[in-house]
Amino acid sequence: GEELGNNFKNTFKVNDGSLKVSYENYENFDDRFGHIFYTKSKFKNYQLSLEYKDWIDIPKEIWNLSNLLYLEINKNNSLTTIPEEVFSLKKLHTLIITETKINKVPKEIWNLINLKILRLNDNSITSLPKEIWNLEKLEYLSLDSNNITSIPKEIWNLSNLENLGLRYNNLSSIPEEML
Numbered sequence: 001g002e003e004l005g006n007n008f009k010n011t012f013k014v015n016d017g018s019l020k021v022s023y024e025n026y027e028n029f030d031d032r033f034g035h036i037f038y039t040k041s042k043f044k045n046y047q048l049s050l051e052y053k054d055w056i057d058i059p060k061e062i063w064n065l066s067n068l069l070y071l072e073i074n075k076n077n078s079l080t081t082i083p084e085e086v087f088s089l090k091k092l093h094t095l096i097i098t099e100t101k102i103n104k105v106p107k108e109i110w111n112l113i114n115l116k117i118l119r120l121n122d123n124s125i126t127s128l129p130k131e132i133w134n135l136e137k138l139e140y141l142s143l144d145s146n147n148i149t150s151i152p153k154e155i156w157n158l159s160n161l162e163n164l165g166l167r168y169n170n171l172s173s174i175p176e177e178m179l
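Sequence positions in the sequence shown follow the numbering used here and run 1 to 179.
Hints are computed from structural coordinates only; laboratory data are not their basis.
Please note that the accuracy of each hint is not assured.
Okay, the calculated beta carbon distance ranges per label pair [what the hints assert, rightly or not]:
no., residue 1, residue 2, range
1, Asn-147, Glu-27, 26 to 32 Å
2, Leu-48, Leu-164, 24 to 30 Å
3, Lys-60, Thr-80, 16 to 22 Å
4, Ser-173, Glu-27, 41 to 47 Å
5, Ser-173, Phe-8, 49 to 55 Å
6, Pro-152, Glu-3, 52 to 58 Å
7, Pro-175, Phe-8, 46 to 52 Å
8, Glu-85, Pro-152, 24 to 30 Å
9, Pro-59, Trp-156, 37 to 43 Å
10, Asp-144, Lys-107, 19 to 25 Å
11, Ile-96, Ile-174, 22 to 28 Å
12, Glu-99, Thr-149, 16 to 22 Å
13, Ser-78, Glu-108, 26 to 32 Å
14, Glu-61, Glu-108, 20 to 26 Å
No residue lacks a Cβ here, since even glycine has one placed at the ideal position from N, Cα and C.
I would like the entire structure built from these sequences, with the hints used as guidance.
Okay, structure coming up:
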C-alpha cells in the first residue's frame, strides 16, 4: 500500500465539505485503490458520490445505507439500467446519474417519495414512465443530452417542479400546456 498521508492518484478530494472518492486517474485497479477507514457507529445521514470509468457491480454495502440522502453515479460506461436497489432508498432526496449507458427510467422511480432533485443527464434515455410524474416533492428535473422525443402532459402533476431541463434531446413536440 501507500504511506499514510499519500493521496495515491488524487483519489480523495474535499469539495464543499464533502469527501469525494474518485478513481478517474486509474487505468485499472491492479489491487491498488483508495480506502477510507471508519468506525462501526452510524452517522445521521450519508451523501455518496461514485465516479468510475468502468465498473460492473456497485458495492452492495451501499444499499444498506438507509439514511442515504444524496447519491451520485457518474461516468460509468458499464451501467445500462438504474440499479433496482436504488428504489429501496426511501430517504433519498437527490439522485444524479450522468454519463452512463442508461436508456430507460424504471417505473419503480415512484418509490423514491422524498426525491427533490433528479438529474439524469448525458445518458441514452428515450422516454419517461408516467410514474415519474407522481413524485410530489420533485423540484428539479434535468434530462439534458438524452434521446427523449416527447414529454407527456402529465408533467403538470409535478406541482413543486421549479426547474425542468430538456436541452439537447430529440423533442418533436411539447405539450400545449407548456406553451
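_Supplied distance hint 41 to 47 Å, evaluated on CB atoms of Ser-173 and Glu-27_ = 45 Å, holds
*Take a look at whether the Cβ-Cβ distance between Pro-59 and Trp-156 falls inside 37 to 43 Å.*
39 Å, holds
*With respect to the beta-carbon atoms only, verify the hint that Ser-78 and Glu-108 lie 26 to 32 Å apart.*
Hint violated: Cβ distance 21 Å, outside 26 to 32 Å.
*Does the Cβ-Cβ separation between Ile-96 and Ile-174 fall within 22 to 28 Å?*
24 Å, holds
_Within 52 to 58 Å: is that where the Cβ-Cβ distance between Pro-152 and Glu-3 falls?_
56 Å, holds
_Verdict for Ser-173, Phe-8 (Cβ pair) under range 49 to 55 Å_ = 51 Å, holds
*Take the C-beta atom of Leu-48 and the C-beta atom of Leu-164, compute their distance, and say whether it sits inside 24 to 30 Å.*
26 Å, holds
_Quick check on a hinted range of 20 to 26 Å for Glu-61 and Glu-108, using CB atoms only._
21 Å, holds
*With 26 to 32 Å as the target window, see if Asn-147 and Glu-27 comply at their CB atoms.*
Distance hint for Asn-147, Glu-27 holds at roughly 30 Å.
_Just to be sure I understand the hint, the distance between the Cβ atoms of Pro-175 and Phe-8 should be within 46 to 52 Å; is that true here?_
51 Å, holds
*Please test the hint of 24 to 30 Å on the beta carbon pair from Glu-85 and Pro-152.*
With a Cβ separation near 27 Å, Glu-85 and Pro-152 satisfy 24 to 30 Å, so the hint holds.
*Holds or violated: 16 to 22 Å for the Cβ distance of Glu-99 and Thr-149?*
The hinted range 16 to 22 Å holds for Glu-99 and Thr-149, with Cβ atoms some 21 Å apart.
Checked against the numbered hints listed earlier, the structure breaks hint 13 alone; every other hint is satisfied.
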